[in-house]
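Given the structure of chain C, go ahead and fit chain U onto it with the hints provided.
2 protein chains.
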Amino acid sequence: MAKKEVAAGIDIGGTNTVFGLVDREGNILGEDRIKTTHYDEIEVFVAALYEKIQVTLQKLGNGADLIGYGIGTPMGNINKGTIEYAAGLPWKGIVPLAEIFHRHTDLPVVVTNDANAAAVGEMVYGGAKGMKNFVVITLGTGLGSGFVIDGKLVYGHDGFAGEIGHTAIRPGPSNRDCGCGRKGCLETYVSATGLKRSLLKIMADSNEPSELRKFSFDELDAEIIHDAAKRGDYLAKRAFKHTGQMLGFKLADVVAHTNPEAIFLFGGLALAKDLIFEPAKEYMEENLLSIYKGKVKLLPSELSTHNAAVLGASSLIWTNNKS
Amino acid sequence: MAKKEVAAGIDIGGTNTVFGLVDREGNILGEDRIKTTHYDEIEVFVAALYEKIQVTLQKLGNGADLIGYGIGTPMGNINKGTIEYAAGLPWKGIVPLAEIFHRHTDLPVVVTNDANAAAVGEMVYGGAKGMKNFVVITLGTGLGSGFVIDGKLVYGHDGFAGEIGHTAIRPGPSNRDCGCGRKGCLETYVSATGLKRSLLKIMADSNEPSELRKFSFDELDAEIIHDAAKRGDYLAKRAFKHTGQMLGFKLADVVAHTNPEAIFLFGGLALAKDLIFEPAKEYMEENLLSIYKGKVKLLPSELSTHNAAVLGASSLIWTNNKS
Numbered sequence: 005m006a007k008k009e010v011a012a013g014i015d016i017g018g019t020n021t022v023f024g025l026v027d028r029e030g031n032i033l034g035e036d037r038i039k040t041t042h043y044d045e046i047e048v049f050v051a052a053l054y055e056k057i058q059v060t061l062q063k064l065g066n067g068a069d070l071i072g073y074g075i076g077t078p079m080g081n082i083n084k085g086t087i088e089y090a091a092g093l094p095w096k097g098i099v100p101l102a103e104i105f106h107r108h109t110d111l112p113v114v115v116t117n118d119a120n121a122a123a124v125g126e127m128v129y130g131g132a133k134g135m136k137n138f139v140v141i142t143l144g145t146g147l148g149s150g151f152v153i154d155g156k157l158v159y160g161h162d163g164f165a166g167e168i169g170h171t172a173i174r175p176g177p178s179n180r181d182c183g184c185g186r187k188g189c190l191e192t193y194v195s196a197t198g199l200k201r202s203l204l205k206i207m208a209d210s211n212e213p214s215e216l217r218k219f220s221f222d223e224l225d226a227e228i229i230h231d232a233a234k235r236g237d238y239l240a241k242r243a244f245k246h247t248g249q250m251l252g253f254k255l256a257d258v259v260a261h262t263n264p265e266a267i268f269l270f271g272g273l274a275l276a277k278d279l280i281f282e283p284a285k286e287y288m289e290e291n292l293l294s295i296y297k298g299k300v301k302l303l304p305s306e307l308s309t310h311n312a313a314v315l316g317a318s319s320l321i322w323t324n325n326k327s
Numbered sequence: 005m006a007k008k009e010v011a012a013g014i015d016i017g018g019t020n021t022v023f024g025l026v027d028r029e030g031n032i033l034g035e036d037r038i039k040t041t042h043y044d045e046i047e048v049f050v051a052a053l054y055e056k057i058q059v060t061l062q063k064l065g066n067g068a069d070l071i072g073y074g075i076g077t078p079m080g081n082i083n084k085g086t087i088e089y090a091a092g093l094p095w096k097g098i099v100p101l102a103e104i105f106h107r108h109t110d111l112p113v114v115v116t117n118d119a120n121a122a123a124v125g126e127m128v129y130g131g132a133k134g135m136k137n138f139v140v141i142t143l144g145t146g147l148g149s150g151f152v153i154d155g156k157l158v159y160g161h162d163g164f165a166g167e168i169g170h171t172a173i174r175p176g177p178s179n180r181d182c183g184c185g186r187k188g189c190l191e192t193y194v195s196a197t198g199l200k201r202s203l204l205k206i207m208a209d210s211n212e213p214s215e216l217r218k219f220s221f222d223e224l225d226a227e228i229i230h231d232a233a234k235r236g237d238y239l240a241k242r243a244f245k246h247t248g249q250m251l252g253f254k255l256a257d258v259v260a261h262t263n264p265e266a267i268f269l270f271g272g273l274a275l276a277k278d279l280i281f282e283p284a285k286e287y288m289e290e291n292l293l294s295i296y297k298g299k300v301k302l303l304p305s306e307l308s309t310h311n312a313a314v315l316g317a318s319s320l321i322w323t324n325n326k327s
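Chains as they are written, first to last, in my numbering: chain C, 5 to 327; chain U, 5 to 327.
Chain C on its own, in the form it takes in the complex (with noise of 0.2 angstroms):
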């Protein structure tokens, strides 16, 4: 009988490293995790985390193949196999992650950010299938993104290209302070976070009443601001118009950069589906020059929430040598 090939999609998180044993049509075969906050030293954290992998590939016998390494890390640098300050990681400074798995492996080990790994995953398992020219826009308590041009991701020339988050939509000091420094980065509009400052800025100014009045800045998320949204809480609806303009003005920037055949939209925020979609369409068409107007689809991803970050990591594998 012969093996089946399976890559190996890891997802490093603050609090979490989650990995998956993956097939070529996604299916996730075995998986486990670590806790990424119990490792001080990234080699001892890498020597735990390939030991479990071992064990986990062992449980599938024979039939399995392990045909390498795909790691999906904030701050991953995919020309480099580094992570390079990652302020919510235990390691700090550049950290020469595939180096250091390769001590173990001399199987391919590609890393890159979280966003670009959702974007070769759509590609390799979900919406994407197919096309050449696409972007992957993640929303979380941050907003990633991942660029493929022409069925490559795009890396740039220091391996960080694609990074929408940290572009200004409202330059100037009178600006919403960014996690990264500076100010009005459109992360600090559209994302969960941002979508709780809006709310906020929308019920100071407004007299209308709410559910949402009764809830501080710290209790509020996304999913509660869905919820009251859902019920018809007028200021929750005007929080998510908000959100959504926001993105699609700067998803008409997106499109003047690279023409993209669709942009797709994934994480907690996109799960909001029309409340966030059409107000991101409405505005991206009326932003666009008319050469574009009509022609780039926006869709939700197809890569289910739960696994899309060990799918992603994994499909690194399935479409790159690098190492």
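Incorrect hints may have been included.
Any copy, or any two copies together, can satisfy a pair, since identical chains are not distinguished.
[To be verified] Dumping the calculated EDC-like pairs for lysine to aspartate or glutamate here, alpha-carbon to alpha-carbon at most 20 angstroms:
1) K301 x D162
2) K299 x D162
3) K136 x D154
4) K156 x E265
5) K234 x E212
6) K84 x D154
Just so you know, these hints were derived from the structure itself, not from any lab.
This one's a predicted model, so the numbers in the text were calculated from it and none came from an experiment.
Just chain U now, with coordinates in the frame of chain C:
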């Protein structure tokens, strides 16, 4: 004796259509032009242009071997070989330029917009030799741009990628009218016309004396303002500074999108050197996310302004097999 290969580089402009026969090193061995405005019918225009190119080729004698036609034109679509809705040309709607050319020749015909042609020209003959990821911005009456990623020009799904001139730098209804029908596009700030518009606003707000106060809007051009700035005119210098700042602000976005090794500025405004490069560089760096800071070169084009359009158009043949 082996024949010398030459590519025809054709630059279609609103008034004249200029062409040259160019060798692999960028030497223009023969050149001529026809008047664009004389030809209401595209078929007649192409026939006349084709004929004139053959005559120029024959003058080179038996030693020259023509290998293809590269064409730079407003609204050129490289995917389809068409000109689409070019406001400044005599032919309306969608013009199947490559198809009409192919009635005369079986050689490759590549059509793209002027700025994309300039980008390829920079890669083949200019300062981007050996670079894989860079951006060229052409600053003339308007603003054009072309992106090269991974050694290839970015076309996008519909052939119109890399168009930053019509992304909004300052959205909103009270903003500057753009020729494209929208408001606040980058081109309304960063172009010869944008410089003039900024000068007028600065002049209106200021009581500083200026030699430029005696010129009408119609009389003013980038050269007059540049000359005044070189003589130390305060308002002229301010207008350049503002133009450079707006450019630099947008370049930070460009870097976040494509993470290039270098950005080249080409055309009239770029000749103003430090007057435009200094504020552009300063504002770009100030608005960059830290991972990009200090890494992206901002450089003047190394193509001569005089021949660049023809060189750029011809270079399409040396790098591209689309037809």
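Broken hints, numbered, in rising order? Every hint satisfied by this model.
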